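Protein chains: 2
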Amino acid sequence: MSVDLVQQITALARRARVASLALATASTAQKNAALEKLADLIDAATFDLLETNQRDLLSAEAQALSPASRDRLELNEARLRKLAASVRQVATLPDPVGEVLDETTRPNGLQLKRVRVPIGVIGIVYESRPNVTIDCAVLCLKSGNAAILRGGKECFHTNTALAALVAQALADTGLPAEAVQLIPTTDRAALNTLLKLDQYIHCIIPRGGESLIRFVAENSTIPVIKHYTGVCFVYVDAAADLAMAEKIIVNAKTSRPGVCNAAEQLLVHRKVAETFLPAAARALIAAANVELRCDPASAAILAMAKLAHTAATAADYRAEFLAQILAVRVVDSLDDAIATINRDSSGHTESIVTGDEKAAQKFLTAVDSAAVLWNASTRFNDGFEFGLGAEIGISTDRLHARGPMGLRELCTYKWIGTGTGQVRG
Amino acid sequence: MSVDLVQQITALARRARVASLALATASTAQKNAALEKLADLIDAATFDLLETNQRDLLSAEAQALSPASRDRLELNEARLRKLAASVRQVATLPDPVGEVLDETTRPNGLQLKRVRVPIGVIGIVYESRPNVTIDCAVLCLKSGNAAILRGGKECFHTNTALAALVAQALADTGLPAEAVQLIPTTDRAALNTLLKLDQYIHCIIPRGGESLIRFVAENSTIPVIKHYTGVCFVYVDAAADLAMAEKIIVNAKTSRPGVCNAAEQLLVHRKVAETFLPAAARALIAAANVELRCDPASAAILAMAKLAHTAATAADYRAEFLAQILAVRVVDSLDDAIATINRDSSGHTESIVTGDEKAAQKFLTAVDSAAVLWNASTRFNDGFEFGLGAEIGISTDRLHARGPMGLRELCTYKWIGTGTGQVRG
Chain S
1 MSVDLVQQIT
11 ALARRARVAS
21 LALATASTAQ
31 KNAALEKLAD
41 LIDAATFDLL
51 ETNQRDLLSA
61 EAQALSPASR
71 DRLELNEARL
81 RKLAASVRQV
91 ATLPDPVGEV
101 LDETTRPNGL
111 QLKRVRVPIG
121 VIGIVYESRP
131 NVTIDCAVLC
141 LKSGNAAILR
151 GGKECFHTNT
161 ALAALVAQAL
171 ADTGLPAEAV
181 QLIPTTDRAA
191 LNTLLKLDQY
201 IHCIIPRGGE
211 SLIRFVAENS
221 TIPVIKHYTG
231 VCFVYVDAAA
241 DLAMAEKIIV
251 NAKTSRPGVC
261 NAAEQLLVHR
271 KVAETFLPAA
281 ARALIAAANV
291 ELRCDPASAA
301 ILAMAKLAHT
311 AATAADYRAE
321 FLAQILAVRV
331 VDSLDDAIAT
341 INRDSSGHTE
351 SIVTGDEKAA
361 QKFLTAVDSA
371 AVLWNASTRF
381 NDGFEFGLGA
391 EIGISTDRLH
401 ARGPMGLREL
411 CTYKWIGTGT
421 GQVRG
Chain D
1 MSVDLVQQIT
11 ALARRARVAS
21 LALATASTAQ
31 KNAALEKLAD
41 LIDAATFDLL
51 ETNQRDLLSA
61 EAQALSPASR
71 DRLELNEARL
81 RKLAASVRQV
91 ATLPDPVGEV
101 LDETTRPNGL
111 QLKRVRVPIG
121 VIGIVYESRP
131 NVTIDCAVLC
141 LKSGNAAILR
151 GGKECFHTNT
161 ALAALVAQAL
171 ADTGLPAEAV
181 QLIPTTDRAA
191 LNTLLKLDQY
201 IHCIIPRGGE
211 SLIRFVAENS
221 TIPVIKHYTG
231 VCFVYVDAAA
241 DLAMAEKIIV
251 NAKTSRPGVC
261 NAAEQLLVHR
271 KVAETFLPAA
281 ARALIAAANV
291 ELRCDPASAA
301 ILAMAKLAHT
311 AATAADYRAE
321 FLAQILAVRV
331 VDSLDDAIAT
341 INRDSSGHTE
351 SIVTGDEKAA
361 QKFLTAVDSA
371 AVLWNASTRF
381 NDGFEFGLGA
391 EIGISTDRLH
401 ARGPMGLREL
411 CTYKWIGTGT
421 GQVRG
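Line by line, the protein sequences are chains S and D.
Numbers 1 to 425, taken from the working numbering, label the letters of the first sequence in order.
Numbers 1 to 425, taken from the working numbering, label the letters of the second sequence in order.
Worth flagging that the hints you see were computed from the coordinates, not collected in a lab.
Because the structure is a prediction, the values reported are computed rather than measured.
Accuracy of the hints is not assured; some may be wrong.
When the alpha-carbon atoms are kept at most 20 Å apart in a straight line, the in silico PhoX-like pairs for lysine-lysine are as follows [to be verified]:
no., chain 1, residue 1, chain 2, residue 2
1, S, K358, D, K113
2, D, K113, S, K362
3, S, K271, S, K358
4, D, K271, S, K196
5, D, K358, D, K271
Throw the hints in and build the complete structure from the sequences for me.
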């Protein structure tokens, strides 16, 4: 690794740390002014941004992408307008910094409170979507954190242009331009250097595919908040309203199969399997020609009904398909469903459909996932749907933030104590 | 690394994960019964435990320890009585599991709440004190977490005996004995295996010296909550009550110099330095013969007063002495003090002494440390002093827990949603 590169990245991180201290005490009005300015700059730069984006789209890296990835990389006028609108929307959200979490007075008279404060410097490592550059910059800025952004190489020119607008908005409104910096190279060695700079960077959030996230988790000495995608289950209980269950599994599987809160597996209680499965299969096939990968019990039921299905392999029971494919199993009991989920799901989002409150409460308590839902689609596990107002991702970790991460989850807290000369005995 | 060892540690972690699911839904009464039983077993086993502890004390590993470390390794009747009492005390603490953090109903009628739940499986990696085995087992148990304990090799027999009592207490009260397991070997390879088992273990807490913590942070693919020790500052402002400041710095430095919340550095505003420093130096020398390592300005003042001091090196300004040594600097202003602390402290605990409320508020806001105190000793940053009732350590990380970690901080949360058939549009 070149000494120059290490020095360059280290200097960048040191500047981010200095900027973070200024940003941590900036007022809400100042931060919102920078956000409004940024939205205006994006609007004003539409033509230049589209031209820059064309350079990326014509590059060899972009040519090698799948059509879906190329689509994610592409900007157009509508997307830029939406981006500017999302920046203005973050300006309207409440500022989490300074919120008092709790307070108490100790017997010795020491007054204590815990106050929400920014984490400090956050590194975001992501792949091809250029809107992530703005989304992450804006959420970090509003929550008082400095951001170091490391985007994908196929998107480098667009990201550079967007980051320049952020720096300009910061500088124009009297905030440190270095509070948001893009790593100015796509050299992999720069990422390796970044992940070791724990004296300046306090948190790394990788956003992208599992291999990127795993690389970051394995190579970082900085705490990482992971956003793995999900293997989400819907369990249809013996006491389910079967029409409701059908509506929920169709929504959970087919409304957007490529996202982490889409259902990947259906568990059906043996008592209702013969009634439910043929109807559900017809609905899933009608909605999106879903491929059903079945265990022997569910396969037998669908075979009787002459409905298309395939035999599941062991791997299908833990698979994240991100496609119109659903694994299906029949379970013997609620306990069987809970044990199956706790063993095979990814702990992201699971849903029970039942009219039996006792069964529901048992499921909600015993299933160890970030979100557990009763009579609702798994697709609701999302920062906007859960009312956070914004989302930097959905954490599949258990420390710090679990489930959707909004502005509040981009903060830590500090203890503030006020005394009158107390010393410890 | 032997395949057998990897398999053995993996199987142990898998059993811990299974046990954690049972423990997560255990009632408060059940958990408290196990704690009471454990305290009784410790009382009943006093003779055997002391005999086992002698085996460790006579081992080659123990012989190689410093007298202070040997003292930490040693059990006696009084220490065992205190240990049993601390177990009973944890039984009296409120159970954090099940607490509702917040709740809301979304416009679509979906009712949401965030509920505190155990993290899952926690690995504790520690050094020579056998009471850590019981402390950590008990805090994990009360907070519903399974624990995997990896203690120091010089303490292996004592730890094994204590862990056996925990397993017996669990089994006797109907909880899974495997909810607390000690790694049955002191082979370093076992630790390396443990730190990669992210499919079963959710959090690692290293407790010990900096080299242990760094080793764990660098080799773990599991999220780590670090408990580095502290480089804590006391800043005596121009508007300080100097008698109060003297009392605070003497307490912060001398009451227990080997702990992480002891002060390591004194900053004095130039306006009061000539008055304050000679008096403070006399008090520090009188209290504990403290060695003062001075910058040129403070050295000149102490030289005028003919008081003992040495010249500080650059390293002293960031040093954690853990001894009766104090670095001393004169600063030009409050801003200078804040910048110095944010650059050179470890972000653990800093204190300002001043009668000027505006200066205090600026310090409390701008100093980026886990605890910031006004007119109180740094020694208060502690789980018991802050009212948590217990402490597994003091986190110097910013994610999840910052500052003292008690039972609440050994938990995560999950989202629970209750619907009436909602699907996402």
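20 Å Cα cutoff - pair S:K358, D:K113 = holds, 18 Å
query = Given the hint that D:K113 pairs with S:K362, does the C-alpha gap stay at or below 20 Å?
reply = holds, 16 Å
request  = Mind checking the alpha carbons of S:K271 and S:K358 for me, to see if they're no more than 20 Å apart?
outcome  = holds, 17 Å
query = Between D:K358 and D:K271, does the CA-CA distance stay at or below 20 Å?
reply = holds, 17 Å
inquiry  = Holds or violated: D:K271 and S:K196, Cα atoms, limit 20 Å.
reply    = violated, 41 Å
Hint 4 from the list above is the single one not met by this structure.
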